[in-house]
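Chain B: place on chain A using the hints.
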Amino acid sequence: MKIKHLRSKWLGLIPLSLILFLSGCGEMTVLNPKGPVAESQYELIKYSLWFMLGIIVVVFSLFAYMIIKYREGRPGRKESDYDPNLHGNTTIEIIWTIIPLIIVAMLSFPTVTTLFDLEKAPEPEDGQEAKEPLVVHATTADWKWFFSYPEQGIETVNYLHIPTDRPIEFRLTSADAMTALWIPALGGQKYNMAGMQTKLFLQADEEGVYDGRNSNFNGEGFAAQTFKVHAESEKQFEAWAEQIQNEAPALTAEKYDELLKPGLTDKDSFSSTHLEYINHASKEGMGYVVENYRDLFKEKLHLDDIEQQETFQ
Amino acid sequence: MHITDILVTGEPIIYAAMVSIALVSIAILFLLTYFKKWGWLWREWLTTVDHKKIGIMYILSALAMLFRGGMDAMMMRVQLAFPDLGFLDSQHYNEIFTTHGTIMIIFMAMPFLIGLMNIIVPLQIGARDFAFPYVNALSFWSFFFGAMLFNVSFIIGGSPDAGWTSYTPLSGAAMSEGPGQNFYLMGLQLSGIGTLATGINLMVTILKMRAPGMKLFHMPIFTWSTLVTCFIIVFAFPILTVALALLTIDRIFGAQFFTLTGEGLPMMWANLFWMWGHPEVYIVILPAFGIFSEIIATFAKKRLFGYNAMVWSMIIIALLSFLVWVHHFFTMGAGAFVNSVFSVSTMLIAVPTGVKIFNWLATLYKSKIEFSVAMMWALAFIPSFILGGVTGVMLGMAAADYQFHNSYFLVAHFHYVLIAGTVFACFAGLVYWYPKMFGHKMNERIGKWAFWLFFFGFHVCFFPQYFLGLDGMPRRLFITNIVEWLPLNIISTVGAFGMGLGFAVFVFNIYYSFRNSEREETGDSWNGNGRTLEWATTTPIPYYNFATVPYVDEIDPYVRMKEEGKTTYDESKLEPIHMPSYTGAPFIMMAFLALGSFGLIFEWMIVAIAGLIGGVIMMILRSFDYDEGYHVEVDEIKRIERKARGL
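Going down the list, the protein sequences come from chains A and B. Under the UniProt record's numbering, think of the first position of the first sequence as 1, with each following residue one higher. Under the UniProt record's numbering, think of the first position of the second sequence as 1, with each following residue one higher.
Hints should not be assumed to be uniformly reliable.
[To be verified] If we take Cβ atoms under 7 Å as the criterion, some of the chain B residues that face chain A in the derived model are:
no., residue
1, Ser61
2, Met175
3, Thr261
4, Ala399
5, Pro474
[Said to hold, decoys possible] Beta-carbon label-pair distances, calculated as ranges:
no., chain 1, residue 1, chain 2, residue 2, range
6, A, Glu125, B, Ala64, 58 to 64 Å
7, B, Phe456, A, Asn85, 33 to 39 Å
8, A, Gly88, B, Ala64, 56 to 62 Å
9, B, Val234, A, Glu132, 53 to 59 Å
10, B, Gly262, A, Glu132, 37 to 43 Å
11, A, Lys228, B, Thr9, 50 to 56 Å
12, B, Phe231, A, Asp81, 21 to 27 Å
13, A, Tyr65, B, Leu29, 54 to 60 Å
14, B, Tyr34, A, Glu291, 57 to 63 Å
15, B, Leu31, A, Ser61, 42 to 48 Å
16, B, Ala64, A, Tyr277, 52 to 58 Å
17, B, Tyr34, A, Tyr65, 44 to 50 Å
[Stated by the list, open to error] Listed next, the in silico DSS-like pairs over lysine-lysine satisfying Cα-Cα at most 27 Å (straight line):
no., chain 1, residue 1, chain 2, residue 2
18, A, Lys69, B, Lys301
19, B, Lys638, B, Lys566
20, B, Lys643, B, Lys208
21, B, Lys643, B, Lys53
22, B, Lys356, B, Lys301
23, B, Lys448, B, Lys366
24, A, Lys255, A, Lys228
25, B, Lys52, A, Lys69
26, A, Lys235, A, Lys261
27, A, Lys235, A, Lys267
28, B, Lys215, B, Lys566
29, B, Lys448, A, Lys69
30, B, Lys368, A, Lys69
31, A, Lys78, B, Lys562
32, B, Lys573, B, Lys208
33, B, Lys368, B, Lys301
34, B, Lys52, B, Lys208
35, B, Lys573, B, Lys301
36, A, Lys199, A, Lys267
37, B, Lys638, A, Lys78
38, A, Lys69, B, Lys366
39, A, Lys78, B, Lys366
40, B, Lys448, B, Lys208
Just so you know, these hints were derived from the structure itself, not from any lab. C-beta: ideal position from N, C-alpha, C; glycine also.
Only chain B is shown next, with the shape it has when bound in the complex:
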């Protein structure tokens, strides 16, 4: 075998990427060795089962993926604004939009939100960790290795190039030979299993580990959004798992599920993909709704308006999300009746979503709005998301969709909902909970710069795309061959770079704040306006979260506690706390399975089987693992709490 069979050759941009990856890797290895941090890395992070640390690792990985996906986006925009430059050829462009879409949804949006859930949900319900901390670590490493596997594809073997929807027969073995498409299948499969496990884990955590007295309808709205999301995950992800497995079997072992040659059913892929793919859209938007609700209530200094309606609308959205997948292929000729049914059910989603929008507006009524950075992201969401929402209804009108389908109108719509919804929420949530995670705030002044750059960049980038769509420009086109399309494309590219700049400033803010921000003294960071239990803990949060778990029998319990001058800490009630031990097993197990997946991608069966055996051995070892954790003694708790509370 020759090295050129494995490494991607012939592209100057990719050579540059290889060099920079090598340099960064060497730099990391050098720094870890020089500062003798290997032990620290292993003990504190790679073996951790602490939900807060796992959450931080999720968010850091998601930010890295946002960088990767963003670079892809800007390369595409350069190509479309300067078609004569010959910056990218068709093949390279196809690979880039495929990885952009896949990374942004699977490896950026979802992990970012799951990271926030990891850190915040146990705190909000007064729990000490997840129901299954070991599984939580397993989930993270499965996502991490899945993402890494997917990411190396552009230097090793070649990236997938059939779009993030990966429609068969195009993505089948006959028409897309080679490892590229296998990277897509295995990368998604590996991380998807982790997501499913997280869904079950969080669901059990929320249902079984709430503080005493806390009924479901006392839960903070972000926890509610997480619970509803978990139900969607648990029902939707198995469909993806099966679809990916079937296509893998097709490609690698020569079955005929989706092929043309053996009377397969290529269109079945579209059905399976969107039966998962449509609910997936709500997996990344419902937690965002939860985050916005928390932030708006906090900085409006007012209780959320219509709590029950907010919860029920999420539940209804979740149910409807499973009944509309056909709207992704109205043009497949299913007939007028089928299209009518799915058209109406699609438009119905606008009703509960509208209810939520009006409830947020009503929360602002008779409030005292403080324009902090987190609040600005949350407020900017409302008008921006409306522009995406109404065009979503237009797309839902099947007869009109025949004209919008596969056009830039669609591209503009989903970026309007996903960026104004999910990405704004990720930034808002990170800024809002940042002091809880790291013990200091992000700088507000720099944060506002990042916000305005990103906000204007976003609208400048995507608003013109509605008009490009109406002028007949299809998506996934690597060259703007019609002169009339060029001006709007150039405007759009300028906007994309504005967003890139906003992101750069945001990341710079992380570094700047780490160096310069004041350390937090109190746990209730936002001028004492916290409403839910996560603000009742000290900052930094002790590893066991709550020394004594409070009794909760209302919404926003911390508001009352503050009014009555109480805290969650009651020294007379201290008892030893049971905690899980750190373990390297999840990391090692997932490393083995990643190795096996890598072998499968290149169809090196020996490597694949070796990886699988390694994974199974780790599972067997786990089943004989009698380590039941340890207890934190009362004296230890007392010492930690007294120090943190300045008693």
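Bound-form chain A, shown alone:
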């Protein structure tokens, strides 16, 4: 009896803890989208959550009913509460096969349409003009990010500036291990893979600084492979790009090779891009870094305190 009493007290805590958790959800990055792509994914998640909540409520209530009503020692059990030979009912089994099928269908339609939408630049909001996406090549190497802006002729390392209210077309590739570009506030991720290119459309509607990172494990420096995304107005963005173009040094092939060495590097900016002399998205550029730095890949970094890294702030 004692244990049962205890359990019912604990059961009371479940809704309470749920409320506590859910009140914190407003701040969860994924549930607090800052752009149309993250928004559409958030809508889909929210939509699915209602179905999931429904399933949980139904199963939990049935479960509670069964174990309370049909426990062996319940006072006031009737003779009719036990029927050891009851072992099937076709009608009810068909019902609980069809209802989940309907739920799956209802989840499939928005999933499929969203999937097709995500392959295109986000649609402009009503009354706004569609803008050409800004193309940014995002290339990873162990363990840093290169962002090349062919239109502006500039390249940044480990940080990103983007204009708001304009789609960004990321062209993802990697110089060595497989990674993934993930900026949760702006939308979901895709893989960067050597020798090929994947496309990811994202867009920021609000100005601000967002966290971005590599989310696919790629070795020792994985945790430090993060970057900040500075979303700012078109004007500010242009001014920033121009400043980099005027003030930063050009990215020479030697400098780029130096940067590709396995290890961590700080933020950096250049007034030209590496796309002019190497394309990691083609089969030809594929083994290039591994060949050059085969010996360096054997060395351990022994990272135990990466907070000192400037890129990590």
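Leaving out everything else, chain B in the frame of chain A:
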């Protein structure tokens, strides 16, 4: 060559582990010698082909592996809750999550379930042993040596560190030099071959050795789940074998299947891995479903609801399990159409699984539920597994998965299904069949303590991780560098230690029950509520299982037998029983192959070739082995049965 090239040096935690391993080994050697148990160990265990003893060895090894994997888990949780402590560095953390994942799936969950199948399936179908007892011993030793090989990696040579999925090109020779990744390849390869053999062995056993009259749709549900699992094993494991072999050839002999440098196809690894890896998930969950079905029916004292639907849903799940592997890399840019197809097929798995959940609930309807420890594990599974199942559907929605992928949301999901499904089932099944294995029950009071500690620990540990994922925390991160993540991580760590405590109490219960539990007198241990044939045998079970094999033509045959006052034993029908002889050959053959694998790991080709030759010689010897076993005479059977039945 220098000793530091082989032994792992420079880590205080690893030095401590080395010392404790040395001490435990010396203690075992001393005790075996002191009590003169070497002969006993060899005669009774190392050479056994008895499915019940092999099953017990599987389960003991799996419990040891659960301890190892659990220690890994707690070390990771300490690191994540106290990032400033500098407990683990990045490299060490990477090795730990890699071995945690690999050990828990390959060397804990699967062997634990295969151990239960080993003991119970022949009993449930009225068979005297496996179809191929020799191969069964071979399978066990291949798993055992594979697991040992994998486990020594952290003191000798260094652990693998590319994650349990071991994605290329990261896990290739260029970016992960040294023996660590080879340990992963050879450890999995060696034990994988045993698993494949077990799959074939059990499949033949179930299809060919059922008691007379027993049709497929008369089989107990756990046997059904085993049969379906065996089909998955037989179709999925060859893919793993090939993938591991290709990567081994890449790493050791310089081929270019998955490399960047020679126009290899690194992404092909992800495909091959998950073509095996996704069905693998069902290899460890379907037997769990079978165990829960048996336990719920027994302690609800009622026939399982919707037996046919339960069987068909397992078959459908097995088929679908091969059609969804791409959902592990929706983010690989395969395009909207491909992702749509795999998204829908993934969500469809929820339908047969839902049918099963409702059938279990319906089994409880109009029942008399007895809250024994085994039943509590089985009941706790239902609400816990639902929380993992619904988030699985959410992950299956590819467009949303772009946000969940590689995040703690995923980590929470798969721990919710694997722990609430497989681990709860392992504990439930062990407690439930314990009297059959050891002739006494586990203590119920201590068992309930273990249950509640583990159950609450589990939810406290993994529920917060859904929210960490939604806040953008990726998996495999060795340091929580964002302040907002810290509180939930600390809660999660507290839960992990709750689970650790629950496991400790569970293991203590094994010792306590061995000393103090009442010995079983009858074979039908759970107050006479057994429904299937394993409860119709005496306890302890004679080595030939059934003196006379019963005729079966219905589900739950033992219920009717009891109603009619019959037993499986009919003295007038006794005949000599043919049994296989014990042999040390499987142990020796696998020891040779393990030696060869060890040589390959360090690329010592002479050792590798020597081990291989040893293995081949053992195979040749086996092919000239004319020992066809022996017969147990009627007098002997009569003596054993009369003693056990108190006649």
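**Hints the structure fails to honour** = 1, 8, 11, 12, 15, 17, 20, 25, 26, 35, 37 and 40
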